[in-house]
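With the hints as extra help, turn the sequences into a complete structure.
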Amino acid sequence: MPATVNPLRPVAGAPRPYHFPDFHRHQLANGLTVWTVRVPSAAVVNVHLLVDAGAAAEDEAHAGVAALTAQLLVTGTRRLDAGAFAEATERLGIEVSSESSWDSARAAFQSLPEHADDGIALLAEMVREPRLDEGEFDRLKAERLADILQARADPGRLADEMFLHHLFDASTPYGRLSAGTPETVGALTLQDVRTFQATHWGPGTAHLIVAGPVEPDMAVQAAERYLGDWTGGRPGHRTFTPKAAGARRVIIIDRPGSVQSELRVGHLGIDRRSPRYFPAMVLGAILGGVFGSRLNLRLREELGYTYGARAGFDPRRAPGPFSAAAAVQTEVTADALKEMVDLLTRVRDAAPEESELHEVRDYLVGVFPLRFETTGGVAIAMEPLAVFGLADDYWQTYRQHLEAVQADDILSAARDLVMPDQFLMLAVGDASKIRSALEAANLGPMELAQAD
Amino acid sequence: MPDIPIERHRLDNGLRVVLSHDDSAPIVAVNLWYDVGSKHEKPGRTGFAHLFEHMMFQGSEHVDKGEHFALVQQAGGTLNASTWLDRTNYFETLPSHELELGLWLESDRLASLLPAMTQEKLDNQREVVKNERRWSVDNQPYGTWDERIQAKIFPESHTYHHPTIGSMEDLNAASLEDVGEFFATYYAPNNAVLTVAGDFDRDAALAMVERHFGPIPANDNLPPPPDMSISPLIGEALREEVADRVPLPRIYVAYRMPIFGSDAFDDLSVASDILGVGRASRLYSRLVRERQLAQDVSVFPFPIVGGASMFTLWATAKPGVGADQLETALLAEIDQLAAEGPTAVELERIANLHAAAVESSLERIAERADRLSMYACLFDQPERINTEVSRYLAVDADRVRRAMADTLRPDNRLVLTYLPAEAPVEEAA
Numbered sequence: 001m002p003a004t005v006n007p008l009r010p011v012a013g014a015p016r017p018y019h020f021p022d023f024h025r026h027q028l029a030n031g032l033t034v035w036t037v038r039v040p041s042a043a044v045v046n047v048h049l050l051v052d053a054g055a056a057a058e059d060e061a062h063a064g065v066a067a068l069t070a071q072l073l074v075t076g077t078r079r080l081d082a083g084a085f086a087e088a089t090e091r092l093g094i095e096v097s098s099e100s101s102w103d104s105a106r107a108a109f110q111s112l113p114e115h116a117d118d119g120i121a122l123l124a125e126m127v128r129e130p131r132l133d134e135g136e137f138d139r140l141k142a143e144r145l146a147d148i149l150q151a152r153a154d155p156g157r158l159a160d161e162m163f164l165h166h167l168f169d170a171s172t173p174y175g176r177l178s179a180g181t182p183e184t185v186g187a188l189t190l191q192d193v194r195t196f197q198a199t200h201w202g203p204g205t206a207h208l209i210v211a212g213p214v215e216p217d218m219a220v221q222a223a224e225r226y227l228g229d230w231t232g233g234r235p236g237h238r239t240f241t242p243k244a245a246g247a248r249r250v251i252i253i254d255r256p257g258s259v260q261s262e263l264r265v266g267h268l269g270i271d272r273r274s275p276r277y278f279p280a281m282v283l284g285a286i287l288g289g290v291f292g293s294r295l296n297l298r299l300r301e302e303l304g305y306t307y308g309a310r311a312g313f314d315p316r317r318a319p320g321p322f323s324a325a326a327a328v329q330t331e332v333t334a335d336a337l338k339e340m341v342d343l344l345t346r347v348r349d350a351a352p353e354e355s356e357l358h359e360v361r362d363y364l365v366g367v368f369p370l371r372f373e374t375t376g377g378v379a380i381a382m383e384p385l386a387v388f389g390l391a392d393d394y395w396q397t398y399r400q401h402l403e404a405v406q407a408d409d410i411l412s413a414a415r416d417l418v419m420p421d422q423f424l425m426l427a428v429g430d431a432s433k434i435r436s437a438l439e440a441a442n443l444g445p446m447e448l449a450q451a452d
Numbered sequence: 453m454p455d456i457p458i459e460r461h462r463l464d465n466g467l468r469v470v471l472s473h474d475d476s477a478p479i480v481a482v483n484l485w486y487d488v489g490s491k492h493e494k495p496g497r498t499g500f501a502h503l504f505e506h507m508m509f510q511g512s513e514h515v516d517k518g519e520h521f522a523l524v525q526q527a528g529g530t531l532n533a534s535t536w537l538d539r540t541n542y543f544e545t546l547p548s549h550e551l552e553l554g555l556w557l558e559s560d561r562l563a564s565l566l567p568a569m570t571q572e573k574l575d576n577q578r579e580v581v582k583n584e585r586r587w588s589v590d591n592q593p594y595g596t597w598d599e600r601i602q603a604k605i606f607p608e609s610h611t612y613h614h615p616t617i618g619s620m621e622d623l624n625a626a627s628l629e630d631v632g633e634f635f636a637t638y639y640a641p642n643n644a645v646l647t648v649a650g651d652f653d654r655d656a657a658l659a660m661v662e663r664h665f666g667p668i669p670a671n672d673n674l675p676p677p678p679d680m681s682i683s684p685l686i687g688e689a690l691r692e693e694v695a696d697r698v699p700l701p702r703i704y705v706a707y708r709m710p711i712f713g714s715d716a717f718d719d720l721s722v723a724s725d726i727l728g729v730g731r732a733s734r735l736y737s738r739l740v741r742e743r744q745l746a747q748d749v750s751v752f753p754f755p756i757v758g759g760a761s762m763f764t765l766w767a768t769a770k771p772g773v774g775a776d777q778l779e780t781a782l783l784a785e786i787d788q789l790a791a792e793g794p795t796a797v798e799l800e801r802i803a804n805l806h807a808a809a810v811e812s813s814l815e816r817i818a819e820r821a822d823r824l825s826m827y828a829c830l831f832d833q834p835e836r837i838n839t840e841v842s843r844y845l846a847v848d849a850d851r852v853r854r855a856m857a858d859t860l861r862p863d864n865r866l867v868l869t870y871l872p873a874e875a876p877v878e879e880a881a
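From first to last, the protein sequence lines are chains A and B.
Every letter in the first sequence is one number past the one before it in the working numbering, and letter 259, counting from 1, is 259.
Counting the second sequence from 1 gives a position; the working numbering is that position plus 452.
In case anyone wonders, no lab produced these hints; they're calculated from the structure.
Note that CB positions come from ideal geometry on N, CA and C, so glycine has one too.
Just to be clear, a hint being listed does not mean it is correct.
Said to hold, decoys possible - Stretch-level coverage of chain B by chain A, calculated; a stretch enters the list once three of its residues show a Cβ under 8 angstroms from a Cβ in chain A:
(1) 539-549
(2) 623-630
(3) 727-733
(4) 762-771
(5) 813-820
To be verified - In silico negatives: residues of chain B with every beta carbon more than 10 angstroms from chain A:
(6) H461
(7) D575
(8) V581
(9) P593
(10) E608
(11) S609
(12) N643
(13) D672
(14) M680
(15) S681
(16) L690
(17) A781
(18) D832
(19) A857
(20) V867
Have a look at this one:
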């Protein structure tokens with residue numbers, strides 16, 4: 001077969017500039033902030049209502065109440081029971097979602113533009129006059145408990161849960177899933193949900209984000225009409241300083257019969273407003289955020305140990321985890337873990353080569369317009385401004401902040417943020433087949449733990 | 453209703469080219485469908501089409517191993533590829549001024565993959581793919597469901613019988629000679645569709661396509677399509693029980709059904725959505741919410757074209773609910789819809805959900821390009837991207853009832869039940 005007649009990589013044309021769309025912000029008298037992002041070409045509208053009612057707003061005795069509250073909201077209003085509410089929304093082509101994370105809760109929908117106003121009316125009815133009835137509460141609670149069982153049967157999800165559990169000190173809420181544990185969810189009552197909803201779901205901390213072919217006036221008028229006389233909503237989130245449960249250690253979670261081991265390595269990371277945010281994002285991508293990252297190249301493309309390896313920071317209002325992850329075949333578990341630890345450790349030795357830095361940084365800068373090609377992507381982009389109070393020009397200056405990250409910044413971030421003497425190294429796999437090799441690898445004190 | 457602009461071309465070497473312009477953002481998608489999937493695999497080489505797809509990222513004459521990903525990502529692009537029963541697709545989304553990079557990379561591996569192939573690269577990607585299989589199938593609760601369904605719905609003589617991921621044994625047997633033969637047979641411009649969608653200058657894009665793909669010769673000996681003909685019905689009721697490391701029983705129900713692209717496929721897509729899409733769907737509202745027998749439900753037809761397709765449902769039992777009880781309830785819902793047909797309100801509900809879902813999917817330029825390639829590759833009709841919604845909306849209650857009666861019958865049904873194992877399950881080697 002003859003070679004292509006064009007052996008040389010083509011030269012790129014002139015880039016067409018891209019600007020993040022302008023947004024308009026307006027606060028109603030009751031405290032609710034309306035953010036409108038005009039995307040004139042969009043075929044759909046995205047509406048996100050955020051409140052300060054995430055897991056950080058619940059006390060530990062009621063862990064999971066934030067998630068259950070958010071889920072229970074879609075089971076109807078005083079006027080419409082669960083079935084009628086589902087039908088009323090879905091006949092408009094709308095599927096309402098309602099969920100919570102650590103830092104906020106979000107009720108949201110996407111619709112064709114002609115149904116957006118009706119959708120906002122139903123969303124408002126849902127958060128203002130929720131039904132919160134006993135039958136649906138019992139059902140969703142049982143589903144949540146069963147989902148925890150299901151998650152623990154999945155080795156990847158089990159490893160994620162166990163990593164958090166063993167990483168954080170018992171005093172740190174982040175040591176459990178944001179949706180709670182079987183013990184705390186099992187103890188929740190309908191009254192807990194009603195109290196949480198009445199306290200934390202209100203305009204005082206609420207943000208309504210509307211993205212799509214919508215004029216700011218229309219969004220504000222809709223907000224006034226359906227949410228203008230809504231009341232309540234106290235700031236919810238607690239402040240805490242996450243602490244680690246221990247220093248460098250290896251933990252095996254036995255899962256007999258596993259043909260792979262799910263590996264996790266990491267420790268405490270950074271918070272969302274950290275001045276190291278941008279260097280940390282580039283560092284995470286160099287380690288395990290792009291296909292050509294150090295972990296993926298070595299573990300997958302050189303050794304064939306895994307289908308993929310990744311690493312990165314998970315910044316929250318308080319410092320969340322830094323972690324690396326891979327699922328590797330059982331026989332190479334100890335070697336793979338050693339490789340991961342070595343690669344993470346060596347990032348502290350020297351600044352990255354300019355070519356490596358360019359590859360990763362240029363990706364993060366260049367992919368910017370792709371991230372916002374959907375109205376959903378645009379609406380989500382507004383959330384950290386609303387939740388964490390990032391500056392209004394955050395997205396306008398985002399690429400400059402990334403471009404400013406130099407090789408020395410990566411080295412300094414690596415030395416401060418990657419701490420081998422703090423590594424929690426976790427393996428979910430067949431202990432009878434991986435334990436002796438992990439012992440021989442001598443990566444740190446080792447413990448065999450139970451999966452609960 | 454979507455109104456996606458479409459312009460079709462064909463190069464002298466047979467490459468079908470679809471252009472779809474949209475300059476609302478400075479991004480462009482490059483998408484190639486090769487008319488080769490796991491249904492083209494030979495006995496003893498299951499999983500090869502997918503392993504081959506991995507080899508397409510291992511470099512070509514002017515591109516080093518790893519460089520394909522590196523160049524696209526450094527340009528600010530995203531990329532991937534996937535292999536399924538009917539086809540293999542390769543795709544990049546790029547800032548629009550990097551369009552030619554995507555075209556060049558795709559053309560280089562189509563023109564000159566083999567000089568870059570080595571035993572070491574094949575052995576490496578074989579291990580990667582075996583780990584992909586362990587991760588997605590062998591070490592995953594309920595992970596064998598689709599290969600078990602395919603093995604029952606299609607006889608051994610039909611190439612949908614085996615899964616795209618393949619068997620460990622066959623992956624171990626794959627050789628460099630296989631790579632060479634597969635490439636020479638199927639990777640030719642006259643066996644592919646190239647779609648460029650998004651922000652580009654039409655004349656410049658066409659010139660680039662001609663420059664990079666034009667010199668690549670056609671394969672004048674493309675093999676005829678495999679014989680996928682098969683009786684429309686299984687002809688008997690099939691059952692399988694699997695003991696797995698799962699906490700809750702799960703029931704899968706699968707039927708042999710008419711292929712993607714047929715009117716009956718649209719009818720059964722509507723039936724599927726009435727049963728399974730949204731909280732007002734029949735299975736969610738009755739089995740999950742009202743009777744609380746199921747933890748979750750899911751229903752979907754497979755969009756495949758090889759003689760027959762599969763209509764598939766699953767439901768996970770709530771703790772304390774027996775698999776038998778759930779199966780009875782599930783089948784009763786199917787029977788009831790088949791007997792009564794959907795109501796006008798149900799048809800209105802799924803029509804609006806479907807229209808919104810299509811608009812939402814088509815927001816992504818990569819999705820638009822992929823669907824254009826799909827309709828061009830499978831039906832030689834990229835224009836179907838704009839008519840699929842009206843085809844779907846044209847389905848009425850009578851058509852749903854008739855298609856369900858024809859297809860969702862006991863003598864055309866597999867019930868596959870996963871039950872929690874008492875002791876740890878020995879994995880297949």
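- request: Test coverage of the segment 762-771 of chain B by chain A using CB-CB distances below 8 angstroms; three residues minimum.
  value: holds (count 3)
task: Three residues minimum, CB to CB under 8 angstroms: does the segment 813-820 of chain B make the cut for coverage by chain A? Let me know.
output: Since three or more residues must qualify, the claim that chain A covers the segment 813-820 of chain B holds, with 4 doing so at under 8 angstroms.
Closest CB of chain A to the CB of E608(B) still more than 10 angstroms away: Fine: 26 angstroms to the nearest Cβ keeps E608(B) off the interface.
field: D575(B) remote from chain A - nearest C-beta pair above 10 angstroms
entry: 7 angstroms, violated
task: State whether the coverage of the segment 623-630 of chain B by chain A holds or is violated, taking the criterion as 3 or more residues with Cβ-Cβ distances under 8 angstroms.
output: violated (count 0)
- request: Report holds if the minimum CB distance from H461(B) to chain A is greater than 10 angstroms, and violated otherwise.
  value: Consistent with the label, H461(B) stays out of reach of chain A, its closest Cβ about 19 angstroms off (over 10 angstroms).
message: Just want to verify: S681(B) was marked as not at the interface with chain A; is every Cβ pair farther apart than 10 angstroms?
response: 34 angstroms, holds
message: Is the claim that A857(B) lies outside the interface with chain A correct, judged by CB distances over 10 angstroms?
response: Holds, since 26 angstroms exceeds 10 angstroms.
message: Verify this label for me: L690(B) is non-interface relative to chain A, using a Cβ-Cβ cutoff of 10 angstroms.
response: 26 angstroms, holds
query: So is S609(B) really clear of chain A, every C-beta pair being over 10 angstroms apart?
result: 30 angstroms, holds
- prompt: Would M680(B) pass as off the interface with chain A, using Cβ distances and a cut of 10 angstroms?
  reply: 29 angstroms, holds
field: Check on A781(B) being off the interface with chain A, judged by Cβ distance over 10 angstroms
entry: 16 angstroms, holds
Going through the hint list in order, the structure does not satisfy hints 2, 7, 8 and 9.
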